[in-house]
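Position chain U relative to chain G; hints supplied.
There are 2 protein chains.
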Amino acid sequence: MGLIVQKYGGTSVADVDRVKVVAQRVIKNKEAGNDMVVVVSAPAGMTDELIELAHEITDEPPAREMDMLLATGEQHSIALLAMAICNSKHCAISLTGYQAGIRTDNVHSKARITEVQAERITKMLDEGNIVIVAGFQGSTDDDAITTLSRGGSDTSAVALASALEADVCEIYTDVDGVYTADPRIVPEAKKIDTISYEEMLEMASLGAKVLHSRAVEFAGKYNVPLHVRSSFNENQGTIVTKEGEAMEGVVVRGVTHDKNQAKMSIFGVPDRPGIAYSIFKALASAEINVDMIVQTVSKNEKADISFTVSKSDLRDALEIFKKVGENIGITDIAYDEDVAKVSVVGIGMKSHSGVAAEMFEVLAEEDINIQMISTSEIKISCVVKTEDTEKAVKAIHRKFIPS
Amino acid sequence: MGLIVQKYGGTSVADVDRVKVVAQRVIKNKEAGNDMVVVVSAPAGMTDELIELAHEITDEPPAREMDMLLATGEQHSIALLAMAICNSKHCAISLTGYQAGIRTDNVHSKARITEVQAERITKMLDEGNIVIVAGFQGSTDDDAITTLSRGGSDTSAVALASALEADVCEIYTDVDGVYTADPRIVPEAKKIDTISYEEMLEMASLGAKVLHSRAVEFAGKYNVPLHVRSSFNENQGTIVTKEGEAMEGVVVRGVTHDKNQAKMSIFGVPDRPGIAYSIFKALASAEINVDMIVQTVSKNEKADISFTVSKSDLRDALEIFKKVGENIGITDIAYDEDVAKVSVVGIGMKSHSGVAAEMFEVLAEEDINIQMISTSEIKISCVVKTEDTEKAVKAIHRKFIPS
Numbered sequence: 001m002g003l004i005v006q007k008y009g010g011t012s013v014a015d016v017d018r019v020k021v022v023a024q025r026v027i028k029n030k031e032a033g034n035d036m037v038v039v040v041s042a043p044a045g046m047t048d049e050l051i052e053l054a055h056e057i058t059d060e061p062p063a064r065e066m067d068m069l070l071a072t073g074e075q076h077s078i079a080l081l082a083m084a085i086c087n088s089k090h091c092a093i094s095l096t097g098y099q100a101g102i103r104t105d106n107v108h109s110k111a112r113i114t115e116v117q118a119e120r121i122t123k124m125l126d127e128g129n130i131v132i133v134a135g136f137q138g139s140t141d142d143d144a145i146t147t148l149s150r151g152g153s154d155t156s157a158v159a160l161a162s163a164l165e166a167d168v169c170e171i172y173t174d175v176d177g178v179y180t181a182d183p184r185i186v187p188e189a190k191k192i193d194t195i196s197y198e199e200m201l202e203m204a205s206l207g208a209k210v211l212h213s214r215a216v217e218f219a220g221k222y223n224v225p226l227h228v229r230s231s232f233n234e235n236q237g238t239i240v241t242k243e244g245e246a247m248e249g250v251v252v253r254g255v256t257h258d259k260n261q262a263k264m265s266i267f268g269v270p271d272r273p274g275i276a277y278s279i280f281k282a283l284a285s286a287e288i289n290v291d292m293i294v295q296t297v298s299k300n301e302k303a304d305i306s307f308t309v310s311k312s313d314l315r316d317a318l319e320i321f322k323k324v325g326e327n328i329g330i331t332d333i334a335y336d337e338d339v340a341k342v343s344v345v346g347i348g349m350k351s352h353s354g355v356a357a358e359m360f361e362v363l364a365e366e367d368i369n370i371q372m373i374s375t376s377e378i379k380i381s382c383v384v385k386t387e388d389t390e391k392a393v394k395a396i397h398r399k400f401i402p403s
Numbered sequence: 001m002g003l004i005v006q007k008y009g010g011t012s013v014a015d016v017d018r019v020k021v022v023a024q025r026v027i028k029n030k031e032a033g034n035d036m037v038v039v040v041s042a043p044a045g046m047t048d049e050l051i052e053l054a055h056e057i058t059d060e061p062p063a064r065e066m067d068m069l070l071a072t073g074e075q076h077s078i079a080l081l082a083m084a085i086c087n088s089k090h091c092a093i094s095l096t097g098y099q100a101g102i103r104t105d106n107v108h109s110k111a112r113i114t115e116v117q118a119e120r121i122t123k124m125l126d127e128g129n130i131v132i133v134a135g136f137q138g139s140t141d142d143d144a145i146t147t148l149s150r151g152g153s154d155t156s157a158v159a160l161a162s163a164l165e166a167d168v169c170e171i172y173t174d175v176d177g178v179y180t181a182d183p184r185i186v187p188e189a190k191k192i193d194t195i196s197y198e199e200m201l202e203m204a205s206l207g208a209k210v211l212h213s214r215a216v217e218f219a220g221k222y223n224v225p226l227h228v229r230s231s232f233n234e235n236q237g238t239i240v241t242k243e244g245e246a247m248e249g250v251v252v253r254g255v256t257h258d259k260n261q262a263k264m265s266i267f268g269v270p271d272r273p274g275i276a277y278s279i280f281k282a283l284a285s286a287e288i289n290v291d292m293i294v295q296t297v298s299k300n301e302k303a304d305i306s307f308t309v310s311k312s313d314l315r316d317a318l319e320i321f322k323k324v325g326e327n328i329g330i331t332d333i334a335y336d337e338d339v340a341k342v343s344v345v346g347i348g349m350k351s352h353s354g355v356a357a358e359m360f361e362v363l364a365e366e367d368i369n370i371q372m373i374s375t376s377e378i379k380i381s382c383v384v385k386t387e388d389t390e391k392a393v394k395a396i397h398r399k400f401i402p403s
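These protein sequences, in sequence, are chains G and U. Quick note: the first sequence uses the numbering used here, first residue 1, plus one each step. Quick note: the second sequence uses the numbering used here, first residue 1, plus one each step.
Same shape as in the complex, but just chain G (with noise of 0.2 angstroms):
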């Protein structure tokens, strides 16, 4: 008994009898005494269609209009299911972004949250209703509709449980939790049952699909308990929740991969003070997130300066180079797009030493060169060839994680 947000993405509601299945899934908890608030996005493959529908009428559509435009995928969703539910003896209704009160700022198809007025909301479930919200989208103070970051249903779900203060906010999936590494890859990977908000914000930053980085970053700020499930089955999946100290036992929770990398390499940086701030503003200003960044030592007061982007980032970045490149004295731009990263991830690197170390090892006895790497007090990331990923993956994963 308590009041529950639950998420269900894409392939959960692909089609009306999957439609269905969720609805009597929200009707079970509602009937077991729970308040009831799910987010759903747009049935699979509705967004990429959309996209691409639109890139047939122009080659750069506006971003408002596109959000605009994308918005509609979760309004389809939210209309299905509450009729779904409205067949039983419960009474749902459906709200879009902007109705449920959920405030962003106003960049456009990457917008972040700023608020979410949940008064309307708590009303509809004292009136007894199960409320259905539209995730990956709001609005700004002038009420244009926005979209968050691909997968921001997530974070619809999480800053509703922060705003209602929810007991749980449960992330529906088709895998059965958050797993020590990709099953693809490594069959013996296993479920985690628990992990920290630390660990799963580097777990998703780096590649683990299950989660969208974001919703991590939020559920951890405002503590909001997640349970991530597969809407497949009844399982317990994976509790995403505050370090505990049981949590240091483990070295390595997880090994994450992310092939949608790009390496950028910038040559003849001039080495003086607020050079690499003018550099990395530029890009921040377009909303490209820069992620390793290794500056080489100066010569001649030039250095180099090489750092990741995702690839679908690296046509701007190139551009945004194009531009500012010449009044910083930038003399040549280099970029490759067949990179991989691969990461460890674990609280209990804070007390553990030579994990590094050894993750080198293990890719040295493999044959695989290191381009880049970096570290935080819980992960360690190196930048390999694409092609090397997989096997990277699983002789970390043999290392680190006991079978």
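The set of hints was computed from the structure by calculation and includes no laboratory data. Any given hint might turn out to be false.
[Unchecked claim] From the structure, some residues in chain G lie toward chain U, with a derived Cβ separation under 10 angstroms: (1) Ala54; (2) His76; (3) Leu80; (4) Cys91; (5) Ile132.
Note that the Cβ used here is the ideal one computed from N, Cα and C, for glycine as well.
Structure of chain U alone, referenced to chain G:
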């Protein structure tokens, strides 16, 4: 030069290529120096597809959720059209019904516009934008999404034209204008150059599908000049305007037919004051429009009443009589879906007598039985068997419209 509101129907935005054609037309008008507001419908077929999908979920989708679902259709169109226009040097902004300030009552699926708060559009026009608005939809005072009756995009356009004090409201369709009869039935039917609001209202109510009757009512009330024309060519279409003196010279402006009619008869209605009220009040409360009403002379203080409703309302009407019939004392109910309504319309009838007699004579010569008759100052309608429709329309057109 001025402010033009244009409305394009579903066939005009059915696919990417047609959307681009509409964009070109809008841009041409803008470049001629006009401020442009463009209202669009959902792509042809999409609304029907969504309705079908909803019925796969449940036999009785709640009207609120149906509106939520259907509203995605126009939202789809406005985003694509805005993108197509932005692909030129012009700037377009799309607005949902809610965003455009179209407020309605809360009768979901048959909402009526109560107010247009046009400040936002005015501001956008002042900034040089072309404004694209989703037709057929609005929102209630508490921000629920509503849809108007089918064909309601016409009404959206007229309401906006009125609120913005537009110079003209152009309704684009797939025919050249309003015809003296349906050209598929009467090949010699002619395009009408000018028609009064009153005549157009009767024609629309009586089955001429080119304009939605609520839109004509609105246009007449606020004196918004309408121009009904084809989106496939530049021909002058039909102007709908205030009654002028010259108009009375034409006795019959047009002949219409409507096969979407059902006849209901209720028997044994007690002949006392207030009974008709309680019958038709029950239908009105369910938003069922009753058209022709005929009451037989009373026998034994009981009367029989026949009336017509649209075929789509027949089931609901029968349900209502099952409920209220007993209280009132109705002994039996009958209905007939195999009927059609054939009508002649013309302001000139006000000053010409004998049109009804001539119409009955024509039908008698064709051996067509008249089941019900209803007249107003400017129209005469007869209910006939469905199979007689074409024959009746042809004969009446031949009689009244000069070739």
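Verification of the hints:
no., hint, result
1, Ala54, "6 angstroms, holds"
2, His76, "5 angstroms, holds"
3, Leu80, "6 angstroms, holds"
4, Cys91, "9 angstroms, holds"
5, Ile132, "9 angstroms, holds"
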